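Generate coordinates for the entire structure from the input sequences, incorporating the hints supplied.
There are 2 protein chains.
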Amino acid sequence: MTDEVGAQRTKVQQIADDLKAAIERGDYGPGDRLPGENALAAQYGVASLTARRALKVLSTEGLVESKKGAGARVLSFRPIRRRGIPRVASGQWGSGRSIWSADDHRAPDVDQITVDEDAAPPEHVRDVLELGPDETACVRSRRYVLEGRPVMLAASYLPQALVAGSPITQADTGPGGIYARLADLGHAPTRFREEIRVRLPTADEAARLSIPTDRSVIKLARTAFDADGRAVEINEMTLDSAAYVLDYEFDA
Amino acid sequence: MTDEVGAQRTKVQQIADDLKAAIERGDYGPGDRLPGENALAAQYGVASLTARRALKVLSTEGLVESKKGAGARVLSFRPIRRRGIPRVASGQWGSGRSIWSADDHRAPDVDQITVDEDAAPPEHVRDVLELGPDETACVRSRRYVLEGRPVMLAASYLPQALVAGSPITQADTGPGGIYARLADLGHAPTRFREEIRVRLPTADEAARLSIPTDRSVIKLARTAFDADGRAVEINEMTLDSAAYVLDYEFDA
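Chains A and B are the protein sequences, given in the same order.
full-length UniProt numbering puts the first residue of the first sequence at 1, with every later residue one more than the last.
full-length UniProt numbering puts the first residue of the second sequence at 1, with every later residue one more than the last.
I should point out that these hints are in silico values taken from the structure, not numbers from a laboratory.
Errors might be hidden in some of the hints.
Given that identical chains are not distinguished, each listed pair holds provided it fits within a single copy or across any two copies.
[What the hints assert, rightly or not] With a straight-line Cα cutoff of 30 Å, these simulated BS3-like cross-link-like pairs (lysine-lysine) come out: (1) K68 / K11; (2) K67 / K56; (3) K67 / K20; (4) K68 / K20; (5) K56 / K68; (6) K20 / K56; (7) K219 / K20.
Just so you know, these numbers come straight off a predicted model, no measurement behind them.
So this is what it looks like as structure tokens:
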């Protein structure tokens, strides 16, 4: 990139960094309007396009909502804290304070669910579930919303031969959900693996999550193993990166 | 957004999704050149700007490197697998296959390190370390590189009063590193908490990691607690999101 483009990008980020710090300090609270692009342009001595791009960084990150004519308003949504490992003896450790502020007490609800009892899973799922070339999977696809906002997509894959005829193939799996039903079948999960990566959303993911196409998603694949070490379920989750703080606590 | 802008964005993503799928299938291997923007524009019946934006999605995600005149070449860099929890009895679980291909065997090296024995930490660090208003922290800042590519920044904060005069205040902390030295001081870490969120990089983070300003970073804060439940270290890491797969394995 040329020096001029580089300098302009740095300016965009500096303005964005300043605005984010001001929000973090509480100078602007939920519902407050940030300075407009003309005010910012004058304040920093930059073109209004540069100021507009700085404001766009904040809307990409989900910190503000920009509406034509109304400027950028600070959003009140607090990220959801997702604990990967069930918490034990929580009060015992340190101040109990977290690095990042997030909501411990709300859980999103399922607003869309489809079950395909007999589907051909993607290759990487087939590999991890150790399915033969003719074997299929039961796929449970859900969308989760919080305060009307879609925050996560999830697709669970289970070996079709293992779960055929069980409530796992129904929309409502009953009390305790999939893991309780796997226990009923003699395959209670005893160990989990969570793999996490970050990338831009596909067209379908951006549409279903209603997020800007330049906001990253967190891909979180959770594999459940039974006591024999067999992979019995893979849950591939797609999280709006602005909506979550992930949290893992474990002994040394 | 207007329907026209929306339709164009969707087209950008569809082309990007197709190219990513082709790379995943192996149609294009490391070093191969993707079709240029004119070829893609003709193939999809879109403007060349649309095709250019699709190629930019791939360079933002770190899948290709774009050079003027040379087009977009597929990169060979494999993400690093970072295990949050030390692995036990690895062979025992399932096929041993992971959802995402990543490198288990390479670890990045430190290429920059600075130690400030007596610094005023940010407020959220002060809170979690339970430092009084006059107390300070020892801050160890490092940058990690792999194959010459910066992949992670890390800043460790430890209570100054706890570590003053110990090798923790030196660039070289000796065998076993910070945790072994905390053990020498009678504060061996016995429990860890890792908190993860994703956001766009600050100007400084993008510059130090040499990443595009529109590629997200993973913020990973690891807090170490001693046997008394006291927070003795916070390591705030900033990861190039294209360079890492995070991995957590634990019992149900």
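Here's how the hints hold up against the structure:
For a Cα distance limit of 30 Å, the shortest separation of K68 from K11 qualifies both inside one copy, at 23 Å, and across copies, at 24 Å. Taking the shortest Cα distances, K67 and K56 sit within 30 Å of each other both inside one copy (11 Å) and across copies (26 Å). Within a single copy, K67 and K20 get their C-alpha atoms as close as 18 Å, which meets the 30 Å cut-off; across copies the closest is 33 Å, which misses it. Proximity of K68 to K20 under the C-alpha cut-off of 30 Å is restricted to the intra-copy arrangement: shortest distance 21 Å within a copy versus 34 Å between copies.
For the homomeric pair K56 and K68, the shortest alpha-carbon distances inside one copy (13 Å) and between copies (27 Å) are both at most 30 Å. Taking the closest pair of Cα atoms, K20 and K56 come within 30 Å of each other both inside a single copy (12 Å) and across two copies (26 Å). In the homo-oligomer, the alpha carbons of K219 and K20 lie at most 30 Å apart both inside one protomer (25 Å) and across protomers (16 Å), since each shortest distance falls under that limit.
Figure legend: structure checked against the earlier numbered hints; every hint is met.
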